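Residues 14 to 128 (the working numbering) make up the sequence shown, in order.
Don't read these hints as lab results, they were simulated from the structure. Note that the structure is predicted; figures quoted are calculated from it, not measured. Mixed in with the good hints, there may be bad ones.
Unchecked claim - Think about it this way: if two alpha-carbon atoms lie no more than 20 Å apart in a straight line, the pair counts; the simulated SDA-like pairs of lysine to any residue are:
no., residue 1, residue 2
1, 60, 102
2, 60, 32
3, 60, 123
4, 60, 97
5, 60, 73
6, 60, 128
7, 78, 97
8, 56, 87
As the list claims (entries may be wrong) - Using C-beta positions, here's what the derived DEER-type ranges look like:
no., residue 1, residue 2, range
9, 114, 29, 25 to 31 Å
10, 15, 127, 31 to 37 Å
11, 70, 118, 20 to 26 Å
12, 28, 70, 34 to 40 Å
13, 24, 57, 31 to 37 Å
14, 120, 89, 17 to 23 Å
15, 86, 117, 29 to 35 Å
16, 16, 52, 17 to 23 Å
17, 84, 59, 27 to 33 Å
18, 30, 65, 20 to 26 Å
19, 70, 15, 31 to 37 Å
20, 65, 27, 18 to 24 Å
Note that beta-carbon positions come from the ideal geometry of N, C-alpha and C, so glycine has one too.
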Amino acid sequence: QVQLEESGGGLVQPGGALRLSCTASGMFFEINGMGWYRQAPGKEREKVAGITSVGWITNYADSVKGRFTISRDNVKNTVYLQMNSLKSEDTAVYYCNTDPPYSKWGQGTRVTVSS
């Protein structure tokens, strides 16, 4: 059974930074593309970043391009999201999943950007 556990969220001021982590178990992590997704209050969940299994090619939503960086560690079965220059509109619950998402969603980690 696949389990995804996100961590690293919190309250940060605009312009600040956070690093999210997601550890996966119960899956062949290294052969899966992975992604970070977020769901803001009253909005649908959206993908913000992805990283392929081969070549570790990354892709980003336009709204986070140049500010967020996704990376992965196949030894630790972990995917990261470094978030810099955070804005209030980045406030959301952040989730990881495969890319495209086919596993059960974890509980996510809440990011609040506010002064």
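Hints, verified against the model:
Pair hint residue 60 plus residue 102 holds up; C-alpha atoms about 14 Å apart against a cutoff of 20 Å. For the given pair, residue 60 sits about 17 Å from residue 32 by alpha-carbon distance, which is consistent with the 20 Å threshold. Proposed proximity of residue 60 and residue 123 is supported: the alpha carbons are some 15 Å apart, at most 20 Å. A distance of roughly 17 Å separates the Cα atoms of residue 60 and residue 97; the hinted pair therefore holds under the 20 Å criterion.
For a cut-off of 20 Å, the pair hint linking residue 60 to residue 73 stands: about 8 Å separates their Cα positions. A hinted pair counts as satisfied when its Cα atoms are at most 20 Å apart, and residue 60 with residue 128 does not qualify at roughly 25 Å. A hinted pair counts as satisfied when its Cα atoms are at most 20 Å apart, and residue 78 with residue 97 qualifies at roughly 10 Å. Only pairs whose Cα atoms come within 20 Å are accepted, and residue 56 paired with residue 87 is rejected, the gap being roughly 32 Å.
Taking the beta carbon of each, residue 114 and residue 29 are about 28 Å apart, inside 25 to 31 Å as hinted. Evaluation of the 31 to 37 Å hint for residue 15 and residue 127 yields a pass: the beta carbon distance comes to about 33 Å. Checked against the given bound of 20 to 26 Å, the beta carbons of residue 70 and residue 118, roughly 24 Å apart, stay inside it. One distance hint, 34 to 40 Å for the beta-carbon pair residue 28 and residue 70, is violated here, with the actual separation near 29 Å.
At roughly 24 Å, the beta carbons of residue 24 and residue 57 sit outside the given window of 31 to 37 Å. One distance hint, 17 to 23 Å for the beta-carbon pair residue 120 and residue 89, holds here, with the actual separation near 20 Å. Taking the beta carbon of each, residue 86 and residue 117 are about 22 Å apart, not inside 29 to 35 Å as hinted. Residue 16 and residue 52 have their C-beta atoms about 19 Å apart, which keeps the hinted 17 to 23 Å range intact.
Between residue 84 and residue 59 the C-beta distance comes to about 20 Å, which lies outside the given range of 27 to 33 Å. A hinted range of 20 to 26 Å holds for the C-beta pair residue 30 and residue 65, which are about 25 Å apart. At roughly 23 Å, the beta carbons of residue 70 and residue 15 sit outside the given window of 31 to 37 Å. Between residue 65 and residue 27 the C-beta distance comes to about 31 Å, which lies outside the given range of 18 to 24 Å.
Hint compliance for this structure: hints 6, 8, 12, 13, 15, 17, 19, 20 are not met, and every other hint is.
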